[in-house]
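A.B. asks: Residue-level listing of the chains:
2 protein chains.
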Amino acid sequence: METITVYDIAREANVSVATVSRVLNDTAPVRESTRQKIMAIIEKHKFQPNALARSLVNKKTGMIGVLFPDSSNMFFPEVFGGAELAAQKLGYTLFLCNTFSDYSRESEYLNLLCERQVDGLILMGGRINARHCPASLVQEVVDIQRKIPIVMINGTLPGYSFHRVKTDEYLGTKLIVQHLIDRGHRHIGFLGGSAATTTTVEKLQAYQRTLEANHLTYRKEWVHFGSFSKSCGQQLMETFLAMSNRPTAILCINDYVAIGAMKTALSRGIRIPEDIAIAGFDDTQLASAMNPELTTVSQQSEQLGRQAMLNLSKLIQKEKVKKVTVLAPNLMIRQST
Amino acid sequence: METITVYDIAREANVSVATVSRVLNDTAPVRESTRQKIMAIIEKHKFQPNALARSLVNKKTGMIGVLFPDSSNMFFPEVFGGAELAAQKLGYTLFLCNTFSDYSRESEYLNLLCERQVDGLILMGGRINARHCPASLVQEVVDIQRKIPIVMINGTLPGYSFHRVKTDEYLGTKLIVQHLIDRGHRHIGFLGGSAATTTTVEKLQAYQRTLEANHLTYRKEWVHFGSFSKSCGQQLMETFLAMSNRPTAILCINDYVAIGAMKTALSRGIRIPEDIAIAGFDDTQLASAMNPELTTVSQQSEQLGRQAMLNLSKLIQKEKVKKVTVLAPNLMIRQST
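First to last, the protein sequences are chains Y and R.
So in our numbering, the last spot in the first sequence is 337, and the numbers never skip.
So in our numbering, the last spot in the second sequence is 337, and the numbers never skip.
Bear in mind the hints are in silico, worked out from the structure with no lab data behind them.
There may be inaccurate statements among the hints.
Copies of the same chain look alike in the list, so a pair counts if it fits in one copy or across any two.
For lysine-lysine, the following DSBU-like pairs were computed, each having C-alpha atoms within a straight-line distance of at most 30 Å [stated by the list, open to error]: (1) K60 x K147; (2) K147 x K37; (3) K314 x K89; (4) K322 x K37; (5) K220 x K147.
One chain only, chain Y, in its complex shape:
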């Protein structure tokens, strides 16, 4: 069977693709004669334009707003890449908004997206990962949710119940700490992240409890917060290397911090994993590109985005959706441990 695209139809009807799209999605008026010409071509080729998309009765604008905190951390483009693929199949379009975790910028985008009548919102980062989120910022999202379905990825807001999709970061941390212990490590450090961020606190707890469950001592001097960047990993690794009693393995808050730590170690002639084992988190494309390849925890980033989009689509259709969908993390054992 020949595959007919919107573009083929546009060419045959001698109109723009946008016009075909308008007819298919009924988003804007099209001259009746043009509409009929396009419909005839569609009939002729038995073209099935997003059968699923057309069946969605509660979809109004077909637009979804997506807030994400940081375009320089590949994890987020991976997540919204997955969301985009799902959106395409479901007949939605995504407006992605890069907030840099700036709360007032978040508010600005939320405001605009609501004015533009998006059918739903996907939120990542910023306030939904704040350990102490100001009440007015919480209230703003609560107010929006009365009108527009929201799905949060890897975060939430205190005092209210939201639809969430998350990877089990607690379990992921437990798995990787246990892996380091199983490799014979007794002295394991924790590097990067921020105590103001919920995900850091969750990982730290998992790290601490896994050590305890294995009768290993939790040592404050082996825990160093900072940020989520490569340069943080580079700097904090200097601190570890200067210690007389340094750990033999280090769990980093994410792949970026791990790569910074690796670079500092390698530049001093310290071998990985022989002299020190290093593990990351997220399994961004950086992890497998590295040499040695980085052991890390996959959050199934694309799947996270896809699942959030699927759940949101159901909410828009007023279907029942589990409040919290939890994806299993995958331990990716590579060369660095």
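Got chain Y; can you put chain R on it based on the hints?
C.D. replies: Chain R only, in chain Y's frame:
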């Protein structure tokens, strides 16, 4: 002097940040008493909300649409990260649209953004890099440009004149080929990209002419197209390694292909750069993360995005803007060559 943010004002007025934003930007009606309360607080603190932003007379919605082709290539998030920072200063918001270079998806987004009355558009990838772009797709953009200012990054469409911001990729390629020649290489291969893409053709020409200018022979068997991904680099590197008369240096179409090539070489015990030199293009964050670090050409990705946003803002203000702004590429010599 104390720094007052929109958030402080919201707290003091006991309203949401969105409400303050509405008053400041006059984007939606706010109750008069609330407006006066907010204005009084603004006066009291001598708050300067985006002085520049408020002075922009021709700004209507303050919204800019940005089309980009591929969320899995870090180059694009780096570019729109730069655009976002400029937009924030200028008082604009960006709706980012991930098209995966699918022409009908591009049309869908263009259509929606125009309906939503964006003040301007920034286009990357997809049709503006097609070597043979269908006339109807060109016409669609031409029609939009009659109403809405457009800036294209690293691309254009045939037969019409558009405002463009680009890195000189021809010069960048020339610099890196010359660098390889200066390091003593006489046998230089070219790996990855697609003959259907304008940027690939431009780089190939620069490669060919730089070889000729140095009295070196251009050999078809040392040029292998494919795609722009790491896996393409891995596969095509196998082809090179299987050749009895293989090049001693390889220029890759971008960092992703280069990293794939490096991985294949390293996994066979081939040393970089001693046995084979490998160079990339773009200077994405991957390049300096690698071990050995990758020699590449910086396109100044953030600066590209920033410049596109600045030019677009001027166009919206009906100021005069150069048709084509060209950024100089920077040769980043690292360990892989």
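A.B. asks: Going through the numbered hints above, which ones does this structure break? Give me the numbers in ascending order.
C.D. replies: Violated hints: 4 and 5; rest satisfied.
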